[in-house]
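One line per chain: the protein sequences are P and E, in this order.
Going letter by letter, the first sequence gives residues -18 to 215 in my numbering.
Going letter by letter, the second sequence gives residues -18 to 215 in my numbering.
One or more hints might be untrue.
Since the list can't tell identical chains apart, any single copy or any two copies may satisfy a pair.
[Stated by the list, open to error] Capping the alpha-carbon separation at 30 Å, the derived lysine-lysine pairs in DSS-like fashion look like this: (1) Lys10 with Lys67; (2) Lys70 with Lys10; (3) Lys70 with Lys123.
Simulated from the structure, these hints should not be mistaken for lab results.
Since the structure is predicted, the reported quantities are computational estimates derived from the model, not experimental observations.
Protein chains: 2
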Amino acid sequence: MSQLPRAPLTPLVAGEHHLPRELGAYLVKVLRLRAGDAFVLFDPDAGIEADAELVRDVPAVARVWETRRAPRLSRREVTLLQGLAKGDKPEQVLRAAVALGAAAVTFVRTERSVAGAELRADRLRAVMLDAARQCGRGDLPKLGGLVDLEAALNASDGLGLLLDPDAGESLVDFLRTVAPQHALALAVGPEGGFSLAEVQQLLAAGFQPVRLAPYVLRTELAAVAALSVVAAHE
Amino acid sequence: MSQLPRAPLTPLVAGEHHLPRELGAYLVKVLRLRAGDAFVLFDPDAGIEADAELVRDVPAVARVWETRRAPRLSRREVTLLQGLAKGDKPEQVLRAAVALGAAAVTFVRTERSVAGAELRADRLRAVMLDAARQCGRGDLPKLGGLVDLEAALNASDGLGLLLDPDAGESLVDFLRTVAPQHALALAVGPEGGFSLAEVQQLLAAGFQPVRLAPYVLRTELAAVAALSVVAAHE
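So here's chain P without its partners, still in its complex pose:
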């Protein structure tokens, strides 16, 4: 790939600037840029990016050209409501969700989530920035949670879909019936799935059960697979 290396910088304005020390070290030591090399800076909060050139490496100075709107990956607004799972699974899911164009990811505390688990917002933001840098995305999904299911449902937009391997309708058949730009909310249970009460709560909120495949997938794989299928249907 001839893609230029990318790095996040907020705020991002045109001109010649000293870069923050950490960013300079990243450009020189990790991306191995030298004075004269071209790269791209993006500001995921503003959704803009700019071509840049490293003018000096230590301390790092960059020339930043005019900013432009950063490309969004997806026309469709997809919100993932993800039952909180153990360990680094939230990070795995979030990384894939960035690359697959999700507009929002909300982590939901469920009956079968590990009691007392918390998420570190700074760590999740770092994961999203890194994923956005790698995949060329110029914005970040809106991160929600950790919230309970009721709060997640109140805040969720779009046609609700509940992944369920026993559902009569397949996600693929469903996607054939909705316009490619129609907003969707995908609910994916934690390890062990949503409880019966939670499923009823989702159904009462208008979520429709669809099956991804006729067999059970691990929670983190189910989320990635569902986002992949939705992204492939744009």
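Chain P is already provided as a structure; the job is to place chain E on it using the hints.
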């Protein structure tokens, strides 16, 4: 999920048996089974499984009921030809490929693969067994490689598809034109993609470019996303 815990055992025959020490420790210490608990044993080489009961825990003795054919996840034979990527990416891809029903995974040494990289067959088999145990699959994908592209193409069956974000046809549109049981071979480049020469070799072998999404995905995510889309179209 009310699914019973699963563990691999080869060969698998009905009767009352002392279990291998390592399997016994796994059942008692990891799965926390006690005497009287039910579980499932599967033999992925024979593609069979059987209900079992732990009769004694240390040393572990199990009663194994009649064996049956283990369920296959997928009707479709899908072969993944995966350009060898760095680090634990082959393992990540393999784990997902087991859960998404791939019939075969062949790792391919490409121009942009890390020079001198090798795969450890014992380690990959352990990853596949663990994934099969988790997802309820009773067989394992046929593992191929590390081979060069020519050998992989000579051994590959099915309609060949080459993932390419710039392809005119989408994978979804393509899948609408083939029967759900038609065998497929999916070629996914390594980090940095296939070289031009390799792309020409794939095209000459009849592989057809299709795009998964209109943007570039990391190699390990591209494989998982493509397998997800294929699995969702059964």
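Numbered hints the structure breaks, given as an ascending list:
none
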